Amino acid sequence: MSEGVLTLPRLVGRIRSVAWYFWRFVFAALMLAGTCATWLRITRGLGGVTNLSDRFPWGIWVGFDVLCGVGLAAGGFTLVAAVHIFNIRRYEPIVRPAVLTAFLGYLLVVLALLFDLGRPWNIWHPLIMWNPHSVMFEVAWCVTLYSTVLSLEFIPAVLEKLQWQRTLAWLRVISVPLVIAGVILSTLHQSSLGSLFLIVPNKLYPLWYSPMLPVMFFFSAVCAGLAMTIFESFHSSRAFGRQLEMPLLNGMARLLAVLLTVFLTIRFLDLLHREVLGLLVVNRTETWLFWLECALMMVPASLLFSRHVRHNPLALYLMSLMVLFGFIANRLNVSITGMEAASGVHYVPRWSEVAITLAICALGFAVFRWAVLNLPVFEAKEVQGHES
Amino acid sequence: MCIGCRACEQGCAQRWNLVWNETVGAEERLSAHKLTTITTHDGRYSRRLCMHCEIPTCVSVCPVGALQKTLEGPVVYDASKCMGCRYCMTACPFQVPVYEWSARVPRVRKCDMCRDRQLAGKPTACAEACPTGATACGDRDSMIAEAQKRIADHPGDYYPRIYGVREAGGTSVLMLSAVPFEQLGLRTDLPTQPLPSLTWAALSHVPDVVTVGSVLLGGVWWITHRREEVAREERRSKEPES
Numbered sequence: 001m002s003e004g005v006l007t008l009p010r011l012v013g014r015i016r017s018v019a020w021y022f023w024r025f026v027f028a029a030l031m032l033a034g035t036c037a038t039w040l041r042i043t044r045g046l047g048g049v050t051n052l053s054d055r056f057p058w059g060i061w062v063g064f065d066v067l068c069g070v071g072l073a074a075g076g077f078t079l080v081a082a083v084h085i086f087n088i089r090r091y092e093p094i095v096r097p098a099v100l101t102a103f104l105g106y107l108l109v110v111l112a113l114l115f116d117l118g119r120p121w122n123i124w125h126p127l128i129m130w131n132p133h134s135v136m137f138e139v140a141w142c143v144t145l146y147s148t149v150l151s152l153e154f155i156p157a158v159l160e161k162l163q164w165q166r167t168l169a170w171l172r173v174i175s176v177p178l179v180i181a182g183v184i185l186s187t188l189h190q191s192s193l194g195s196l197f198l199i200v201p202n203k204l205y206p207l208w209y210s211p212m213l214p215v216m217f218f219f220s221a222v223c224a225g226l227a228m229t230i231f232e233s234f235h236s237s238r239a240f241g242r243q244l245e246m247p248l249l250n251g252m253a254r255l256l257a258v259l260l261t262v263f264l265t266i267r268f269l270d271l272l273h274r275e276v277l278g279l280l281v282v283n284r285t286e287t288w289l290f291w292l293e294c295a296l297m298m299v300p301a302s303l304l305f306s307r308h309v310r311h312n313p314l315a316l317y318l319m320s321l322m323v324l325f326g327f328i329a330n331r332l333n334v335s336i337t338g339m340e341a342a343s344g345v346h347y348v349p350r351w352s353e354v355a356i357t358l359a360i361c362a363l364g365f366a367v368f369r370w371a372v373l374n375l376p377v378f379e380a381k382e383v384q385g386h387e388s
Numbered sequence: 001m002c003i004g005c006r007a008c009e010q011g012c013a014q015r016w017n018l019v020w021n022e023t024v025g026a027e028e029r030l031s032a033h034k035l036t037t038i039t040t041h042d043g044r045y046s047r048r049l050c051m052h053c054e055i056p057t058c059v060s061v062c063p064v065g066a067l068q069k070t071l072e073g074p075v076v077y078d079a080s081k082c083m084g085c086r087y088c089m090t091a092c093p094f095q096v097p098v099y100e101w102s103a104r105v106p107r108v109r110k111c112d113m114c115r116d117r118q119l120a121g122k123p124t125a126c127a128e129a130c131p132t133g134a135t136a137c138g139d140r141d142s143m144i145a146e147a148q149k150r151i152a153d154h155p156g157d158y159y160p161r162i163y164g165v166r167e168a169g170g171t172s173v174l175m176l177s178a179v180p181f182e183q184l185g186l187r188t189d190l191p192t193q194p195l196p197s198l199t200w201a202a203l204s205h206v207p208d209v210v211t212v213g214s215v216l217l218g219g220v221w222w223i224t225h226r227r228e229e230v231a232r233e234e235r236r237s238k239e240p241e242s
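Chains as they are written, first to last, in the working numbering: chain A, 1 to 388; chain B, 1 to 242.
Keep in mind the hints are simulated off the structure, nothing from the lab.
In the DMTMM-like style, the derived pairs of lysine to aspartate or glutamate whose C-alpha atoms are separated by at most 25 Å in a straight line are: (1) A:Lys203 x B:Glu54; (2) A:Lys203 x B:Glu27; (3) A:Lys203 x B:Glu28; (4) B:Lys122 x B:Asp78; (5) B:Lys122 x B:Asp112; (6) A:Lys203 x B:Glu182; (7) B:Lys69 x B:Glu146; (8) B:Lys122 x B:Asp141; (9) A:Lys203 x B:Asp189; (10) B:Lys81 x A:Asp54; (11) A:Lys203 x A:Asp54; (12) A:Lys161 x A:Glu232; (13) A:Lys203 x B:Glu100; (14) B:Lys69 x B:Glu128; (15) B:Lys69 x A:Asp54; (16) B:Lys122 x B:Asp139; (17) A:Lys203 x A:Glu275; (18) B:Lys122 x B:Glu54.
Over the 10 Å line for every Cβ pair with chain A, so calculated as not near, a few chain B residues: (19) Pro123; (20) Ala129; (21) Glu146; (22) Ser177.
Only a predicted model underlies this, so the values are computations on that prediction, with no experimental measurement involved.
For glycine and all other residues, C-beta sits at the position ideal for the given N, C-alpha and C.
Kindly produce the complete structure, drawing on both the sequences and the hints.
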């Protein structure tokens with residue numbers, strides 16, 4: 001065989017190296033665009049980089065970066081609860097990646113907030129200027145506290161690398177209250193992000209406005225967190241050449257199917273009780289968006305009950321992707337598209353809003369990659385264990 | 001009674017040191033440079049300004065307490081506390097608070113019912129500027145009495161309701177009209193209960209979630225780990241026998 005013949009493994013290798021350069025290029029391009037947009041944000045203010053207006057004060061930085069960012073990080077508390085509270089030990093190998101995702105997720109949410117807030121240097125004000133009647137105040141406190149909890153839940157990975165045994169032992173002592181606090185704080189703010197919209201009964205389209213918003217935000221966040229963990233396992237296994245933990249993913253997918261069904265049931269019962277089922281057949285943009293969002297949840301909800309689908313890696317991957325898109329569609333519908341009709345304006349994000357959002361996502365991927373390559377994320381020896 | 005002369009807009013602009021000219025006058029919407037405006041609806045005039053709710057939505061949602069309801073009635077804003085989350089703008093049922101979008105240190109802007117003037121015993125700038133008495137200023141109860149009197153004295157001229165007595169739990173700004181309010185672009189689909197109670201229905205459960213949640217999770221943790229411990233003990237006690 002001569003050198004020039006393209007065998008299959010060689011072809012795969014070549015595509016991989018092309019893909020590697022391609023992603024580096026994409027990353028650099030996103031960072032460059034993000035930097036330009038950041039410069040404009042600083043020099044020209046919110047009006048110079050966003051299409052926000054007095055009638056439409058919240059755009060994708062709130063709708064996507066904050067609402068979706070926090071929800072997609074919900075895998076962290078879900079897995080921590082499963083392993084450390086419900087003592088389902090077999091999930092232990094994926095706790096650390098999920099906690100890392102959550103921790104990075106929250107840091108990126110705060111970063112996005114620094115862009116979105118009109119006066120970002122006052123971001124710490126809710127900690128000293130209290131208003132307990134404000135949902136935003138509660139969210140601010142929960143997110144601050146939970147980020148602290150997450151940092152303490154992840155720091156063992158750093159300490160193991162540094163071999164700081166005494167600190168590790170000390171962290172093990174407080175781990176149970178810490179884990180419980182983390183789950184409670186997550187429950188509170190995941191649902192409170194829904195409560196944020198309880199105050200706009202006359203602005204949010206009735207397919208989404210509901211007194212049940214906090215409950216629905218909680219369930220959908222847990223679904224998104226599980227889907228994100230499955231999604232992430234696939235990418236980690238490809239990127240870092242690891243074996244897929246199919247039995248674990250299979251178990252999570254089964255739970256995901258149950259939770260999605262619970263979520264959808266609450267969803268439609270709520271429409272029934274609010275007597276707005278008729279809106280499901282009105283020919284309006286909102287109706288189509290609602291059905292899109294529900295279809296993206298219904299298909300995985302039913303198919304994931306099938307053993308064949310759960311055992312097929314590609315199908316499982318696609319299902320988790322659908323749940324993620326369904327979740328994102330839900331959050332954007334509540335915060336943006338569902339609010340448009342009442343606002344009387346049509347909001348489309350400006351390039352700079354999208355650039356900053358994408359740059360923040362890219363940064364998240366890059367930091368995750370760095371952490372996995374440099375810290376014991378996947379090969380955790382003993383994760384805050386209580387074993388003998 | 002309003003003749004659409006926009007003297008109220010000019011009085012307001014003067015009070016806030018804002019520029020007012022014909023172009024600004026023609027923009028019939030609230031903005032960072034226009035805190036009250038006349039709106040035209042088929043030859044009829046109406047006004048927009050902060051309604052100064054009795055139980056204000058914006059005050060309840062502000063995470064840092066930058067917005068406050070004063071005892072005298074005005075809802076006022078303290079820019080030094082504000083972090084710029086714009087939740088007040090999203091939440092306000094009357095879509096009143098506006099933002100300085102192009103400023104590097106932006107503020108929320110809204111009518112403060114000329115609190116300083118009122119404390120000094122003077123009427124609001126808009127009421128003072130109004131040549132016809134269409135805008136009047138005074139104690140809420142006496143204004144309701146005045147509105148009822150105007151409706152009773154000229155039953156044919158007024159739509160027999162006062163906008164702001166019940167809307168969103170009641171407001172400190174009241175409006176009269178010759179036609180149903182929705183024809184003047186005013187929202188009539190607002191609940192009569194104050195909106196903050198909708199949030200409070202959920203927010204008041206936070207202590208319950210914390211206490212019940214901690215006990216439940218602690219209980220689950222204890223049971224699952226105790227089960228494991230017992231299993232281990234049993235294994236150990238059996239070993240010597242075998």
